[in-house]
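Full structure from sequences and hints, please.
Number of protein chains: 2
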Amino acid sequence: MSGRRDWTKETLVAGVRSGDKRALARAITLVENGDPLAYAVVGDLYRETGRAHSLGVTGPPGVGKSTLIGALVHHVRKLEETVGVISVDPSSPFTSGALLGDRIRLTEHFLDPGVFIRSMGSRGHLGGLSEATLQALLMMDAAGKDRIFIETVGAGQSEVEVIGIVDTVLLVLMPGSGDSIQALKAGIMEIPDVIAVNKMDHPAAKTMANEVRSILALDRDREWKPPIVLTEAARGEGVADLWAKIEQHRAYLESSGELERRRRENLAREVFGVATARAKEHLVQTVQGNPDLRRLLDAVQARELDPLSAVREILEQVFHIPPRDA
Amino acid sequence: MSGRRDWTKETLVAGVRSGDKRALARAITLVENGDPLAYAVVGDLYRETGRAHSLGVTGPPGVGKSTLIGALVHHVRKLEETVGVISVDPSSPFTSGALLGDRIRLTEHFLDPGVFIRSMGSRGHLGGLSEATLQALLMMDAAGKDRIFIETVGAGQSEVEVIGIVDTVLLVLMPGSGDSIQALKAGIMEIPDVIAVNKMDHPAAKTMANEVRSILALDRDREWKPPIVLTEAARGEGVADLWAKIEQHRAYLESSGELERRRRENLAREVFGVATARAKEHLVQTVQGNPDLRRLLDAVQARELDPLSAVREILEQVFHIPPRDA
Numbered sequence: 008m009s010g011r012r013d014w015t016k017e018t019l020v021a022g023v024r025s026g027d028k029r030a031l032a033r034a035i036t037l038v039e040n041g042d043p044l045a046y047a048v049v050g051d052l053y054r055e056t057g058r059a060h061s062l063g064v065t066g067p068p069g070v071g072k073s074t075l076i077g078a079l080v081h082h083v084r085k086l087e088e089t090v091g092v093i094s095v096d097p098s099s100p101f102t103s104g105a106l107l108g109d110r111i112r113l114t115e116h117f118l119d120p121g122v123f124i125r126s127m128g129s130r131g132h133l134g135g136l137s138e139a140t141l142q143a144l145l146m147m148d149a150a151g152k153d154r155i156f157i158e159t160v161g162a163g164q165s166e167v168e169v170i171g172i173v174d175t176v177l178l179v180l181m182p183g184s185g186d187s188i189q190a191l192k193a194g195i196m197e198i199p200d201v202i203a204v205n206k207m208d209h210p211a212a213k214t215m216a217n218e219v220r221s222i223l224a225l226d227r228d229r230e231w232k233p234p235i236v237l238t239e240a241a242r243g244e245g246v247a248d249l250w251a252k253i254e255q256h257r258a259y260l261e262s263s264g265e266l267e268r269r270r271r272e273n274l275a276r277e278v279f280g281v282a283t284a285r286a287k288e289h290l291v292q293t294v295q296g297n298p299d300l301r302r303l304l305d306a307v308q309a310r311e312l313d314p315l316s317a318v319r320e321i322l323e324q325v326f327h328i329p330p331r332d333a
Numbered sequence: 008m009s010g011r012r013d014w015t016k017e018t019l020v021a022g023v024r025s026g027d028k029r030a031l032a033r034a035i036t037l038v039e040n041g042d043p044l045a046y047a048v049v050g051d052l053y054r055e056t057g058r059a060h061s062l063g064v065t066g067p068p069g070v071g072k073s074t075l076i077g078a079l080v081h082h083v084r085k086l087e088e089t090v091g092v093i094s095v096d097p098s099s100p101f102t103s104g105a106l107l108g109d110r111i112r113l114t115e116h117f118l119d120p121g122v123f124i125r126s127m128g129s130r131g132h133l134g135g136l137s138e139a140t141l142q143a144l145l146m147m148d149a150a151g152k153d154r155i156f157i158e159t160v161g162a163g164q165s166e167v168e169v170i171g172i173v174d175t176v177l178l179v180l181m182p183g184s185g186d187s188i189q190a191l192k193a194g195i196m197e198i199p200d201v202i203a204v205n206k207m208d209h210p211a212a213k214t215m216a217n218e219v220r221s222i223l224a225l226d227r228d229r230e231w232k233p234p235i236v237l238t239e240a241a242r243g244e245g246v247a248d249l250w251a252k253i254e255q256h257r258a259y260l261e262s263s264g265e266l267e268r269r270r271r272e273n274l275a276r277e278v279f280g281v282a283t284a285r286a287k288e289h290l291v292q293t294v295q296g297n298p299d300l301r302r303l304l305d306a307v308q309a310r311e312l313d314p315l316s317a318v319r320e321i322l323e324q325v326f327h328i329p330p331r332d333a
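Residue numbers (our numbering), protein chains in the order written: chain A, 8 to 333; chain B, 8 to 333.
Any given hint could be a false lead.
Stated by the list, open to error - Calculated cross-link-like contacts (lysine to aspartate or glutamate; reagent style EDC-like; alpha-carbon spacing at most 20 angstroms):
| hint | chain 1 | residue 1 | chain 2 | residue 2 |
| --- | --- | --- | --- | --- |
| 1 | B | K287 | A | E272 |
| 2 | B | K16 | A | E311 |
| 3 | A | K287 | B | E288 |
| 4 | A | K287 | B | E320 |
| 5 | B | K287 | A | E288 |
| 6 | B | K28 | B | D42 |
| 7 | A | K16 | B | E311 |
| 8 | A | K287 | B | E323 |
| 9 | B | K287 | A | E320 |
| 10 | A | K287 | B | E272 |
| 11 | B | K85 | B | E115 |
| 12 | B | K287 | A | E323 |
Claimed, not checked - Not the full set, but computed from the structure, chain A residues with beta-carbon under 7 angstroms of chain B:
| hint | residue |
| --- | --- |
| 13 | V49 |
| 14 | S98 |
| 15 | D186 |
| 16 | I195 |
| 17 | V278 |
| 18 | F326 |
Since the hints were derived computationally from the structure, they do not count as laboratory data.
For each residue, glycine too, the CB sits at the ideal point set by N, CA and C.
Written out as structure tokens, the structure is:
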């Protein structure tokens, strides 16, 4: 690709720092490719990060997360703040390339120098999606974006990991999101910080908001009471109110000391998560490249060796972890 | 606990093999406690496993999975087959101890020697829930259970891993399961082998079944077309039909060679999954017990050291994995 050789660590660092879109795009591509240059750039810029407020926007597909993000970006830009958007939701129009469709009017943001939008494919990342997303977040932070939105679906392993790196979690639901309501009720879904019930024109929207409210009311010990906002993202309705609640959450995080605690926890979880993803990658590659270890898997399949004995053998040979029952 | 010392590897192996409930219960408790005796028992019995047909019953909370399992158990017992049930769904009445409530009439099965029911808490397992569930499955298989049902919610990391060990996946939905429909549509949720739309009395049940049907119809390359069955688990309606479809899937697995392929894949995934969970446990413990490594996490929090450099350092020190960019 032309221009590929033009970037050095120095020009990338300087470019990202100055908020240059091409530098940022190139740096994130290098992250996705697992290029050592990317690590060097992030290593250099990391000291300058931590200023951005990150917002995870999660919820089932089809509830209008992308449209809501579009509306939030529009709102935030009017307040003269800059924004980065990372979409890791495979069902999102940000991610699927349906971006220029007139149904979702995001094109205005693509031309705006104060907005940087990037989708991350959910497969094929060396070291995992979570690692790539964190690096992209850090680069956008270093590039001076005030707000960084991460769009993700609320289900699945990698999505849960991705949402674990943000300061504030916004859950988007709509009338018909019965499964999510049940999951909240059963305590299977984490309680978010702010909830939007989108498609407020729907006759069942208020009922749904009340249902969510009554579930959250059971959790009296929670210091921060997650606000519930009705929105109609396609028309921008409720968006200013939603943003006010997000801002309240940020103010709460800062005044309560929760921001530091949460970031400490998120960063530690992320370090262990990325380390584990890499360890797994190393494990799989080592086993695949070693006929003796591959034979262990065959023996498991043939019911000659039980799976846990195979696990013990593999861990001992690859990582020198002694068997627990030794 | 009384009787604890009475069990040896030999008596446990013999007890499980003969289908003795107390031996099976004790062996699974040992699995949950990470007791080396459990590994030895599974190691001895593994050659005798692989005969049972395992069915994963998944779906959002509140759709009636447990009631449906109760009805399936009832049906299967009439066919004179034996059954094991493992519940890893924290919202399940099997798991929550609400078992003896008269709303869900499972007590009959507790007294039936041909049925063994066990719930697995979703936290606190050494090596992960997936490991414990696999071991429990193997023990029930060795105990001669013809059918083993694993109940799990269809979201979250550990649940996805758990469902990865079964032969046949049954997804249970109900009218109102809009989020699951959207997730299927968006390709975010794996296509199951059989689908039950429970609460067929609901006016929207047929609409939902049709919606699912039209989503599945898009996937023309799939050799096995997942059947959709309307059920009313509380009254046992549709259960015989559902069971017939499950049986058809088992027959398909066997005749197509897919059973062997799927089990090979599941076992390999499980070995890597369990090995990774243990590697992570080892990693976290090592870092927590080593002041120098703990200091790396503090440096990340203080924005002095970027997360990936911390990851590299930790992987090198704990697992001797060389940095990728070296």
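Tested hints:
1. Using a Cα cut-off of 20 angstroms, the hinted pair B/K287 and A/E272 holds, with the two alpha carbons roughly 16 angstroms apart.
2. Between B/K16 and A/E311 the alpha-carbon distance is near 19 angstroms, which keeps this suggested pair within the 20 angstroms criterion.
3. Of the supplied pair hints, the one linking A/K287 and B/E288 holds, its CA atoms being roughly 13 angstroms apart against a limit of 20 angstroms.
4. This hinted pair checks out: A/K287 and B/E320 have alpha carbons roughly 16 angstroms apart, not beyond 20 angstroms.
5. The hinted pair formed by B/K287 and A/E288 meets the criterion: a straight-line CA distance of about 13 angstroms does not exceed 20 angstroms.
6. A distance of roughly 19 angstroms separates the Cα atoms of B/K28 and B/D42; the hinted pair therefore holds under the 20 angstroms criterion.
7. Using a Cα cut-off of 20 angstroms, the hinted pair A/K16 and B/E311 holds, with the two alpha carbons roughly 19 angstroms apart.
8. Taken as a hint, the A/K287 and B/E323 pair is honoured in the structure, with Cα atoms around 14 angstroms apart against an allowance of 20 angstroms.
9. At most 20 angstroms may separate the alpha-carbon atoms for a hinted pair to count; B/K287 and A/E320 meet this at roughly 16 angstroms.
10. Simply put, A/K287 and B/E272 have alpha-carbon atoms about 16 angstroms apart, close enough for the 20 angstroms limit, and the pair holds.
11. Distance restraint check for B/K85 and B/E115: the Cα-Cα separation of roughly 13 angstroms lies within the 20 angstroms cut-off, and the hinted pair is therefore satisfied.
12. For the hint linking B/K287 to A/E323, the alpha-carbon distance of about 14 angstroms falls within 20 angstroms, and the restraint holds.
13. Interface hint at A/V49: satisfied, since its Cβ lies 5 angstroms from the closest Cβ of chain B, which is below the 7 angstroms cut-off.
14. Below 7 angstroms, beta-carbon pairs count as interface contacts, and A/S98 has one with chain B at about 3 angstroms; its hint therefore holds.
15. Hint status for A/D186: holds, given a least beta-carbon distance of 4 angstroms to chain B, under 7 angstroms.
16. Contact between A/I195 and chain B, as hinted, is supported at the beta carbon level, the nearest pair being about 6 angstroms apart and thus within 7 angstroms.
17. The beta carbon of A/V278 comes within 5 angstroms of a beta carbon in chain B, closer than 7 angstroms, and the hint placing it at the interface holds.
18. The beta carbon of A/F326 is positioned within 7 angstroms of a beta carbon in chain B (closest approach about 5 angstroms), and the interface hint is therefore held.
Going down the numbered hints, you'll see the structure goes against none, and every one checks out.
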